[in-house]
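Peer 1: This is what each chain is made of:
2 protein chains.
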Amino acid sequence: MAAARQRLATIDEYADRLRAGDRATLARAITLIESARPEHMAQAQELLQRLLPYTGKAHRIGITGVPGVGKSTLIDQLGMDLVEQGHKVAVLAVDPTSTRSGGSILGDKTRMVRLAQSRNAFIRPSPTSGTLGGVARKTRETMALVEAAGFDIVIVETVGVGQSEVAVAGMVDFFLVLLLAGGGDDLQGIKRGIIEIADMIAITKADGDNIARAKKAAAIYQGALSIIAPESPTWAPPVLTISSQENRGLEKLWAKILEHKDLMTASGEFQARRGAQAVDWMRDLLQQRLLAALQSDAAIAKRLHELEGDVRAGRRTPALAVDELVALMGLGVRA
Amino acid sequence: MAAARQRLATIDEYADRLRAGDRATLARAITLIESARPEHMAQAQELLQRLLPYTGKAHRIGITGVPGVGKSTLIDQLGMDLVEQGHKVAVLAVDPTSTRSGGSILGDKTRMVRLAQSRNAFIRPSPTSGTLGGVARKTRETMALVEAAGFDIVIVETVGVGQSEVAVAGMVDFFLVLLLAGGGDDLQGIKRGIIEIADMIAITKADGDNIARAKKAAAIYQGALSIIAPESPTWAPPVLTISSQENRGLEKLWAKILEHKDLMTASGEFQARRGAQAVDWMRDLLQQRLLAALQSDAAIAKRLHELEGDVRAGRRTPALAVDELVALMGLGVRA
Numbered sequence: 000m001a002a003a004r005q006r007l008a009t010i011d012e013y014a015d016r017l018r019a020g021d022r023a024t025l026a027r028a029i030t031l032i033e034s035a036r037p038e039h040m041a042q043a044q045e046l047l048q049r050l051l052p053y054t055g056k057a058h059r060i061g062i063t064g065v066p067g068v069g070k071s072t073l074i075d076q077l078g079m080d081l082v083e084q085g086h087k088v089a090v091l092a093v094d095p096t097s098t099r100s101g102g103s104i105l106g107d108k109t110r111m112v113r114l115a116q117s118r119n120a121f122i123r124p125s126p127t128s129g130t131l132g133g134v135a136r137k138t139r140e141t142m143a144l145v146e147a148a149g150f151d152i153v154i155v156e157t158v159g160v161g162q163s164e165v166a167v168a169g170m171v172d173f174f175l176v177l178l179l180a181g182g183g184d185d186l187q188g189i190k191r192g193i194i195e196i197a198d199m200i201a202i203t204k205a206d207g208d209n210i211a212r213a214k215k216a217a218a219i220y221q222g223a224l225s226i227i228a229p230e231s232p233t234w235a236p237p238v239l240t241i242s243s244q245e246n247r248g249l250e251k252l253w254a255k256i257l258e259h260k261d262l263m264t265a266s267g268e269f270q271a272r273r274g275a276q277a278v279d280w281m282r283d284l285l286q287q288r289l290l291a292a293l294q295s296d297a298a299i300a301k302r303l304h305e306l307e308g309d310v311r312a313g314r315r316t317p318a319l320a321v322d323e324l325v326a327l328m329g330l331g332v333r334a
Numbered sequence: 000m001a002a003a004r005q006r007l008a009t010i011d012e013y014a015d016r017l018r019a020g021d022r023a024t025l026a027r028a029i030t031l032i033e034s035a036r037p038e039h040m041a042q043a044q045e046l047l048q049r050l051l052p053y054t055g056k057a058h059r060i061g062i063t064g065v066p067g068v069g070k071s072t073l074i075d076q077l078g079m080d081l082v083e084q085g086h087k088v089a090v091l092a093v094d095p096t097s098t099r100s101g102g103s104i105l106g107d108k109t110r111m112v113r114l115a116q117s118r119n120a121f122i123r124p125s126p127t128s129g130t131l132g133g134v135a136r137k138t139r140e141t142m143a144l145v146e147a148a149g150f151d152i153v154i155v156e157t158v159g160v161g162q163s164e165v166a167v168a169g170m171v172d173f174f175l176v177l178l179l180a181g182g183g184d185d186l187q188g189i190k191r192g193i194i195e196i197a198d199m200i201a202i203t204k205a206d207g208d209n210i211a212r213a214k215k216a217a218a219i220y221q222g223a224l225s226i227i228a229p230e231s232p233t234w235a236p237p238v239l240t241i242s243s244q245e246n247r248g249l250e251k252l253w254a255k256i257l258e259h260k261d262l263m264t265a266s267g268e269f270q271a272r273r274g275a276q277a278v279d280w281m282r283d284l285l286q287q288r289l290l291a292a293l294q295s296d297a298a299i300a301k302r303l304h305e306l307e308g309d310v311r312a313g314r315r316t317p318a319l320a321v322d323e324l325v326a327l328m329g330l331g332v333r334a
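Protein chains in written order, with numbering that gives the first Met the number 0: chain A, 0 to 334; chain B, 0 to 334.
Next comes chain A alone, as it looks inside the complex (with noise of 0.2 Å):
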């Protein structure tokens, strides 16, 4: 009871510290969050339940795009105007390839060099984790964090390996997909599920020679985006032309992405989103944990395999093999 007593103090001194803009708290809250170990983990849930009250303030925006496109050109130039006008941007990244020993090519302060070094920006590489659910995870769970801390932008930016985009796109008020031009006629050509969650399309690099390559390429995104039905009727997706190096475009850019806080604030769809995207992922993670439950037995997580497998092959029907499954767990139920 008294050692409860002591770990809720030390938990609400993290709370007062982290709130209070310490920077040394908020890192090492961080840590505890990527932790592994179950004692952290248990911490951390209560940390940030704490928090929650003084979490969601901020505007939370997913930016995507290939290795090349820009994005750290542009994290660099969008969040030093960002701080120029006041505002703290913390900046974090969803990179399922990231390792402990490899590490990310996301989150480099080494390209985003001046945000790096301003008092009011905050850059945390990818967290790392054996999977994507687990990195985007500790991402939701980091952003709660930096909320609380008192940054009121978050950048959370992916390269767009598997399923990384969605992922982000599912914790964002606003996710912006960033294209190169491409040489000629071709087109990069947007990875199947991106056009549908992108509330902005940008084409980069539209400087020099490449001007009117980048415009033309626009216009051409621009008709794919107008024939597909969009999901609000309050936004119309819209495709601009930037230049981080030359600083062009990126006023016109900000300014669209407060239009649309704006139009989704007034219209009631911006917290609407939000609810919408807690749920969901409340659900992935109950889904996730029913079926660690069902694999943490290996004769089950076997079997799971083997009849994956006969399923794949034909060589018995999905329904009995879940019949099975399910016996095995001792879930009777039939749905």
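Everything labelled a hint here was simulated from the structure, so no lab data went into it.
Stretches of chain B that chain A covers, calculated by requiring three or more beta carbons in the stretch to come under 8 Å of a beta carbon on chain A:
| id | region |
| --- | --- |
| 1 | 285-299 |
| 2 | 307-314 |
With the C-beta cut set under 10 Å, the calculated list includes, among others, these residues of chain B facing chain A:
| id | residue |
| --- | --- |
| 3 | 278 |
| 4 | 319 |
| 5 | 328 |
Each residue gets a CB set at the ideal place from its N, CA and C atoms; glycine is no exception.
Given chain A's structure and the hints, the job is docking chain B onto it.
Peer 2: The following block gives chain B in isolation, referenced to the frame of chain A:
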């Protein structure tokens, strides 16, 4: 033991008569599939497992489009062409809005008059069920039955309510999207998520005054498709114009569907896609069953609902909500 042996004999008889082409047995087997009574469900699963080796030989085509786009006319005309070529054609439907009392607008034999009268065709309205998952399951199982009964072409139609296109695309070899040209400059607009699961788009009613508009629409949709990275390097989804009424374009449409099958079979993707679909379906079913087990306890179901409300309103973190539910279920494993 004797009763089990007798029931086994009955199921063997069912299977034999169904495979021999007895239409009444097929209809009774489908009714067994659609029944909600536990003893019927068990028998249905046995029958399906027994027939499994005799399934898989049909070519499965999904067709979607809004009411009025001309699905029934196309299926009637195309179906008759295929029957005349010696095929046996089954037409199924996925309509989550269909009810026992209200019926469904799909699988309407009065709108596929010629096909409905052909001895080598079989048309079945959508199963009724509380959920899309239930309708999808019964349709997949009905598909297995008609394949075992000797139908070598199975068409599954849907109107595009909710996620029904995604459900149908997940059970067919080829997914065809029908669109109208629209009046003037306003195109119909493709529902989000559809542009990426389409193996082909066909603009319907390309006849009379509407031909120019149809061709223009086709060009615009083709432009949109061309900037999306295709799922397979083997197939770039084409856009055609057709007129079911004047029977124009249907030969080319079917030729494209066959071309897709030939190319994907040669590359191995045809079978790979089916295997992946079966495993995805198994995982879907498993998730549905785990969730059903959770909700079979009224107290847990109630708490789940309350916690979703808390999470949506930002009063509780998703992770802690899931922790509580998992503890209530007695599954202590932390993912």
